[in-house]
Amino acid sequence: MSDDIWIIGTAMTPIRRHLDRDVLDLAVEASLGALDDAGVTMRDMQVMAVGSQFEPFTFGQDVQKQIGQTGIPLYNVHNACATGATAVRSVLMEIRAGEADMGLALGVEKMTGSSPPYRMTPPKAGKVFEPEGRDGHVLATEGVLGTGQMFGVFAQTGTDYARRHGGVGFEQFAKVAEKNHAHSTLNQLAQYQRPYSLDEIMNAEMLAYPNTLPMSCPTGDGAAAVVLVSDAKLRSLDPDVRRRAVKISAAVMTTDPYDPSGFAHPDVNTLTRNAADRAYEQAGIGPEDLDLVELHDCFATAELVHYDNLRLCAPGGAGEWIDRRAPWRDGELPVNVSGGLISKGHPIGATGVANLYEVATHLRGEAGDRQIEGARVGLTHVIGLGSVCVVHILERAAS
Amino acid sequence: MTRQMPVVDYLVIDDGPPHLAGHRCDECGAVYLERRNACAACGARTFSPTRLPATGRIESFTIVHRGAPKHVGPFVSVLVRLADGTFVKANLVGVPPEADAVDFGVPVRLVTYAAGTDDDGTEAIAFGFTYDEPTAPAEG
Chain A
1 MSDDIWIIGT
11 AMTPIRRHLD
21 RDVLDLAVEA
31 SLGALDDAGV
41 TMRDMQVMAV
51 GSQFEPFTFG
61 QDVQKQIGQT
71 GIPLYNVHNA
81 CATGATAVRS
91 VLMEIRAGEA
101 DMGLALGVEK
111 MTGSSPPYRM
121 TPPKAGKVFE
131 PEGRDGHVLA
141 TEGVLGTGQM
151 FGVFAQTGTD
161 YARRHGGVGF
171 EQFAKVAEKN
181 HAHSTLNQLA
191 QYQRPYSLDE
201 IMNAEMLAYP
211 NTLPMSCPTG
221 DGAAAVVLVS
231 DAKLRSLDPD
241 VRRRAVKISA
251 AVMTTDPYDP
261 SGFAHPDVNT
271 LTRNAADRAY
281 EQAGIGPEDL
291 DLVELHDCFA
301 TAELVHYDNL
311 RLCAPGGAGE
321 WIDRRAPWRD
331 GELPVNVSGG
341 LISKGHPIGA
351 TGVANLYEVA
361 THLRGEAGDR
371 QIEGARVGLT
381 HVIGLGSVCV
391 VHILERAAS
Chain B
1001 MTRQMPVVDY
1011 LVIDDGPPHL
1021 AGHRCDECGA
1031 VYLERRNACA
1041 ACGARTFSPT
1051 RLPATGRIES
1061 FTIVHRGAPK
1071 HVGPFVSVLV
1081 RLADGTFVKA
1091 NLVGVPPEAD
1101 AVDFGVPVRL
1111 VTYAAGTDDD
1121 GTEAIAFGFT
1131 YDEPTAPAEG
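Quick note, the sequences are listed as chains A and B, same order. Mapping the first sequence onto my numbering, position 57 (from 1) lands on 57, and the numbers just tick up by one. Mapping the second sequence onto my numbering, position 132 (from 1) lands on 1132, and the numbers just tick up by one.
Hints listed in this document are in silico derivations from the structure and should not be mistaken for laboratory results. You may find that some hints are simply not true.
Derived contacts from chain A toward chain B, CB cut-off under 7 angstroms, selection only [claimed, not checked]:
#1 V128
#2 R134
#3 G152
#4 T159
#5 R163
#6 L207
#7 H265
All C-beta atoms in this analysis are idealised placements derived from N, C-alpha and C, irrespective of residue type, glycine included.
Go ahead and model the full structure; you've got the sequences and the hints to work with.
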């Protein structure tokens, strides 16, 4: 018996603009899917966590009212784009603390039919200037004092990397999107499933240089869930469940250590590096042992810098790494074979669970057309801007 | 004379040449542009006003097209590291909104311009950065 925590069930919905389904429909599909996959029911769950960035109040209890009210502890979680991963961590920590031996973590988001969450309010006509907020602003500062829009923030993260390291330009960032859109052609759960040529990507609508529209994650709806168990509990379960179990070899969460630049512009590098280094240490492996990675490519610029932050490429060598197609599914270390956030989609609360679904499915050898053959070890990574980072390392059950 | 207000309170326009002002931690010297309760670096709780330098270097940029305010149009957003190590985000002004126009090698300096007028005729004075060289265009 050990302290290991295992995934025994997982499911996700297709990511779409689900105009005919509400957020509970999606939450229930993923939750019941994960329970069915594990061969267990809500009566076996001793804890539950539900992650959604935009659903208010006690949304998790609303989900329980659809799938089973058994009186167990429940966490409603929101933590920006790391919301789903934080729900997983909540369940994992309850099990690790000995409070539970089996639990359900769900991440879900319904983003269509609502206003884009990041749009800034333009200055109103008919107004007398009055200082507001901690910076005493008298008008909307978006476009006046730089940008806080997501695609712009991550664009600046990319040009910062390009300034510090050679061999990185618009084309290298565009190649990331070319790869992820190619990968998603094999993933029926993905929101986009068609290839984009490099020319098409580079000549598409520019959102914020160097991120064009197909280099940016779409708005979509979806849900994903996992069932976690303790090592002791796993030993009591059916051999078929044990055979398909996936070990969580590392689970690390970090936030920003103090840095003077972080107040003017979020630093997504340092906390990712800290999380990755601690995860490799926890798992007792290095990046060279990984068979696949699902990382947080909300924009193409983000994926490129995380090659370096997660130690996948040589220091400073992210441009050269994508140039030689290392992260393609037939390359040295496949990255985002699901299509990533850029092409699979990014329903915010679901994302940090959907990446576990993807890697676990490969480690079980059940990923169908997009299976990475013989995958034994995989890493997942999410960033919630502000910031929070969660890295998991998963391993196939020893057979 | 037209009444003027700074777009944010860390821009000082009524005490000599326009400049940025911050809150410096009395313990560790960390500088913040916005009012703070305690220091993120060391936890100390007292701060003193500090005048920030007008020149710096561009650390990163983007050119925002989608979602740019209509009255602004595509703009260049830059993260600037001031000469004292304080970071500030702003627009790069006086250059066309094109990637080739952004040069990390050229120092930048603070400039101000009117960003809007309210119903009372009060002007909001914004700051931006422009290339700190004699040939750089001065208008925003």
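Consistency of the hints with the structure:
{"no.": "1", "hint": "V128", "in the structure": "5 angstroms, holds"}
{"no.": "2", "hint": "R134", "in the structure": "4 angstroms, holds"}
{"no.": "3", "hint": "G152", "in the structure": "5 angstroms, holds"}
{"no.": "4", "hint": "T159", "in the structure": "5 angstroms, holds"}
{"no.": "5", "hint": "R163", "in the structure": "5 angstroms, holds"}
{"no.": "6", "hint": "L207", "in the structure": "4 angstroms, holds"}
{"no.": "7", "hint": "H265", "in the structure": "5 angstroms, holds"}
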